[in-house]
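Can you build the whole structure from these sequences, using the hints too?
FYI, the numbering for the sequence shown is 1 to 258, going by the UniProt record's numbering.
Wrong hints could be hidden among the right ones.
Taking lysine to aspartate or glutamate pairs in the EDC-like style, the calculated list, with each CA pair at most 16 Å apart, reads [as the list claims (entries may be wrong)]: (1) Lys38 to Glu76; (2) Lys23 to Asp40; (3) Lys171 to Asp137; (4) Lys171 to Glu76; (5) Lys38 to Glu162; (6) Lys171 to Glu217; (7) Lys116 to Glu217.
Ranges of calculated distance between the beta carbons of each label pair, as one might list FRET restraints [said to hold, decoys possible]: (8) Asn247 to Val94: 18 to 26 Å; (9) Asn179 to Val94: 21 to 29 Å; (10) Glu237 to Ala149: 18 to 26 Å; (11) Arg156 to Gly57: 14 to 22 Å; (12) Glu214 to Lys116: 14 to 22 Å; (13) Phe8 to Leu187: 41 to 49 Å; (14) Gly72 to Arg184: 29 to 37 Å; (15) Leu159 to Leu187: 44 to 52 Å.
Everything labelled a hint here was simulated from the structure, so no lab data went into it. All C-beta atoms in this analysis are idealised placements derived from N, C-alpha and C, irrespective of residue type, glycine included.
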Amino acid sequence: MTHPAPQFFDGPKGRRLAYHQTKGTSAAPGVVFLGGFKSDMGGTKAVHLQEWAERTGRDFLRFDYSGHGESGEAFEDGAIGDWAEDAQAIIEGVTTGRQILVGSSMGGWMSLLMCKRIAPRIAGLVTVAAAPDFTEDSMWAGFDSAQRAALQRDGRVALPSEYGDPYVITKRLIEDGRNHLVLRDPLVLPFPVRMLQGTADEDVDQSVALRLLEHVEGTDIRLTLVKGADHRFSDPECLALIEASVNKVTARVTRAAG
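Spelled out as structure tokens, the structure:
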């Protein structure tokens, strides 16, 4: 299925954000996909969900943070706070009513920040290999003394990536991340939450999912572990599980509203 060229939204501080939006006919909450670190809205999960939304008549939004995909700015100039500002601005700016967020990897962290910042707009949450606080608990914690010294000296360090070019991690990314951690303070999620995690994920260990499950507070929170699934979580079975999770959250939200 082909999709038209993206639309653009004037985001915070003049950052130009690319997005695709589907206007549905359903009265159910809209769905917003929040992608991962150095990922983009053209990924398998995001496009699959748009096609699902078009089939089922659901409002749907996918977008690129600044420095990602088709949006403006340079990736290395961005940080967690910038991307959270982007997410909040575009959700508030182009969607109406309450939304179900689907956050993948870093998008899981972004989604949790949205649950704190714009709580009245959030109807439910689905996370896929959520990576909250990864700049601190994965990157900084995993740096050796030479990498930490390089970060302080040069303001950046390059990390190898199996997805292509090395990731350039800036000192600002690490320091700014500390201002947006979500696992250090109480985190109440008073709506249906479905968390998905693969056991063969080499980027986000399943211990992160278990820590998140233990940390959050709410009455309708479930974690599903998929044996053998990797970080991409994009094979047909995993995509079907994401769909099913959004449908389950929708049903719970609709029932509560009724």
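Okay, the hints, checked on the actual structure:
| no. | hint | result |
| --- | --- | --- |
| 1 | Lys38 to Glu76 | 10 Å, holds |
| 2 | Lys23 to Asp40 | 21 Å, violated |
| 3 | Lys171 to Asp137 | 15 Å, holds |
| 4 | Lys171 to Glu76 | 10 Å, holds |
| 5 | Lys38 to Glu162 | 12 Å, holds |
| 6 | Lys171 to Glu217 | 32 Å, violated |
| 7 | Lys116 to Glu217 | 13 Å, holds |
| 8 | Asn247 to Val94: 18 to 26 Å | 23 Å, holds |
| 9 | Asn179 to Val94: 21 to 29 Å | 26 Å, holds |
| 10 | Glu237 to Ala149: 18 to 26 Å | 44 Å, violated |
| 11 | Arg156 to Gly57: 14 to 22 Å | 46 Å, violated |
| 12 | Glu214 to Lys116: 14 to 22 Å | 18 Å, holds |
| 13 | Phe8 to Leu187: 41 to 49 Å | 32 Å, violated |
| 14 | Gly72 to Arg184: 29 to 37 Å | 32 Å, holds |
| 15 | Leu159 to Leu187: 44 to 52 Å | 28 Å, violated |
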